[in-house]
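Colleague: The lines below spell out each chain.
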Amino acid sequence: DAGVTQSPTHLIKTRGQHVTLRCSPISGHKSVSWYQQVLGQGPQFIFQYYEKEERGRGNFPDRFSARQFPNYSSELNVNALLLGDSALYLCASSDGTSAQPQHFGDGTRLSIL
Amino acid sequence: RKEVEQDPGPFNVPEGATVAFNCTYSNSASQSFFWYRQDCRKEPKLLMSVYSSGNEDGRFTAQLNRASQYISLLIRDSKLSDSATYLCVVEGTYKYIFGTGTRLKVLA
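Protein chains in written order, with our numbering: chain A, 77 to 189; chain B, 54 to 161.
These aren't lab readings, by the way, just hints derived from the structure by calculation.
All values reported here derive from a predicted model rather than from experimental measurement.
Quick reminder that beta carbons are idealized off the backbone N, C-alpha and C, glycines included.
Mixed in with the good hints there might be a few duds.
Claimed, not checked - Straight-line C-alpha distance at most 25 Å; calculated DSS-like pairs for lysine-lysine:
{"id": "1", "chain 1": "B", "residue 1": "Lys132", "chain 2": "B", "residue 2": "Lys55"}
{"id": "2", "chain 1": "B", "residue 1": "Lys55", "chain 2": "B", "residue 2": "Lys98"}
{"id": "3", "chain 1": "B", "residue 1": "Lys148", "chain 2": "B", "residue 2": "Lys55"}
{"id": "4", "chain 1": "A", "residue 1": "Lys106", "chain 2": "B", "residue 2": "Lys98"}
{"id": "5", "chain 1": "B", "residue 1": "Lys148", "chain 2": "A", "residue 2": "Lys106"}
{"id": "6", "chain 1": "A", "residue 1": "Lys89", "chain 2": "B", "residue 2": "Lys95"}
{"id": "7", "chain 1": "A", "residue 1": "Lys106", "chain 2": "B", "residue 2": "Lys95"}
{"id": "8", "chain 1": "B", "residue 1": "Lys132", "chain 2": "B", "residue 2": "Lys98"}
{"id": "9", "chain 1": "A", "residue 1": "Lys128", "chain 2": "B", "residue 2": "Lys148"}
As the list claims (entries may be wrong) - Here are the simulated distance ranges between beta carbons:
{"id": "10", "chain 1": "A", "residue 1": "Arg91", "chain 2": "B", "residue 2": "Thr146", "range": "32 to 38 Å"}
{"id": "11", "chain 1": "B", "residue 1": "Asn65", "chain 2": "A", "residue 2": "Arg143", "range": "41 to 47 Å"}
{"id": "12", "chain 1": "B", "residue 1": "Arg54", "chain 2": "A", "residue 2": "Pro137", "range": "22 to 28 Å"}
{"id": "13", "chain 1": "A", "residue 1": "Arg143", "chain 2": "B", "residue 2": "Leu133", "range": "18 to 24 Å"}
{"id": "14", "chain 1": "A", "residue 1": "Lys128", "chain 2": "B", "residue 2": "Thr71", "range": "32 to 38 Å"}
{"id": "15", "chain 1": "B", "residue 1": "Asn75", "chain 2": "A", "residue 2": "Gly79", "range": "39 to 45 Å"}
{"id": "16", "chain 1": "B", "residue 1": "Ser106", "chain 2": "A", "residue 2": "Gly92", "range": "36 to 42 Å"}
{"id": "17", "chain 1": "B", "residue 1": "Thr146", "chain 2": "A", "residue 2": "Pro137", "range": "16 to 22 Å"}
{"id": "18", "chain 1": "B", "residue 1": "Ala73", "chain 2": "A", "residue 2": "Arg133", "range": "43 to 49 Å"}
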């Protein structure tokens, strides 16, 4: 069975541009979460979606937005990119119930020049 | 105070050694806890869930102490392949809260 898949793997953008990152969850999983990980830190929570509804939002500016589609795949959008947005963006899926572990994709490495 | 705190290490240990990591959390209402392993520039991978009664998976043992609000991970008979960053995770409301991770290097 396929795990969580993310695209693209790597991305280079310049300041002020916008970016869309994509994620397909494990088959049967209805919940998708997004995390940002900068070097030397643990992943920081950005959003969680369940059944196409936003269920949680972390402490990130409004430049960050996301959505979930009927097939449970998800997009993370970041507008007006800043140098500080350079990070590994991780998508995780789970069945959405408490205490069930999340499974992570390989991530998208975003570099802002 | 950070929600989840870990000693960043690094812990450098010889092969065959036993090593233990601790992690403290601030929210006493937290219910679910996990240890993830992350290799350099890779995604986190679930190592084990942490149950109230403690649990063991081969060379790995996880413990939860609710009274003191910490969880621990014990690795016995360390292998070179155990070298990685170990992330402590506490489940909040619809999100995971990660520690900064503890780096382990097992030396030949």
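Colleague: If a hint holds in the structure, say so; if it doesn't, say that too.
Modeller: A quick look at each hint next to the structure:
1. Distance restraint check for B/Lys132 and B/Lys55: the Cα-Cα separation of roughly 31 Å exceeds the 25 Å cut-off, and the hinted pair is therefore not satisfied.
2. Distance restraint check for B/Lys55 and B/Lys98: the Cα-Cα separation of roughly 23 Å lies within the 25 Å cut-off, and the hinted pair is therefore satisfied.
3. Distance restraint check for B/Lys148 and B/Lys55: the Cα-Cα separation of roughly 16 Å lies within the 25 Å cut-off, and the hinted pair is therefore satisfied.
4. A hinted pair counts as satisfied when its Cα atoms are at most 25 Å apart, and A/Lys106 with B/Lys98 qualifies at roughly 19 Å.
5. Our distance criterion of 25 Å between C-alpha atoms is met by B/Lys148 and A/Lys106, whose separation comes to about 14 Å.
6. Proximity of A/Lys89 to B/Lys95 is assessed by CA-CA distance (about 21 Å); at most 25 Å being required, the pair is judged to hold.
7. Taking the CA atoms of A/Lys106 and B/Lys95, the gap is near 24 Å; set against the 25 Å cutoff, the hint holds.
8. A hinted pair counts as satisfied when its Cα atoms are at most 25 Å apart, and B/Lys132 with B/Lys98 qualifies at roughly 18 Å.
9. In summary, the hint linking A/Lys128 to B/Lys148 is supported, as the alpha carbons are separated by about 16 Å, within the 25 Å threshold.
10. A beta carbon spacing of about 34 Å between A/Arg91 and B/Thr146 agrees with the range 32 to 38 Å that was offered as a hint.
11. Checking the proposed 41 to 47 Å range against B/Asn65 and A/Arg143 shows it holds: the Cβ atoms sit about 45 Å from each other.
12. Taken as a hint, the range 22 to 28 Å holds for the pair B/Arg54 and A/Pro137, whose Cβ atoms sit roughly 24 Å apart.
13. Between A/Arg143 and B/Leu133 the beta carbons are some 43 Å apart, a value that contradicts the proposed interval 18 to 24 Å.
14. Hint check: A/Lys128 to B/Thr71, Cβ distance near 47 Å, so the stated range 32 to 38 Å is violated.
15. The hint said 39 to 45 Å for the Cβ distance between B/Asn75 and A/Gly79, and at roughly 30 Å that hint is violated.
16. Taking 36 to 42 Å as the suggested C-beta distance range, the pair B/Ser106 and A/Gly92 does not conform, at roughly 53 Å.
17. For the hinted restraint 16 to 22 Å between B/Thr146 and A/Pro137, the CB-CB distance of approximately 21 Å keeps it satisfied.
18. The beta-carbon spacing between B/Ala73 and A/Arg133, approximately 35 Å, falls outside the hinted interval of 43 to 49 Å.
Against the hints set out earlier in the document, violations occur for numbers 1, 13, 14, 15, 16 and 18.
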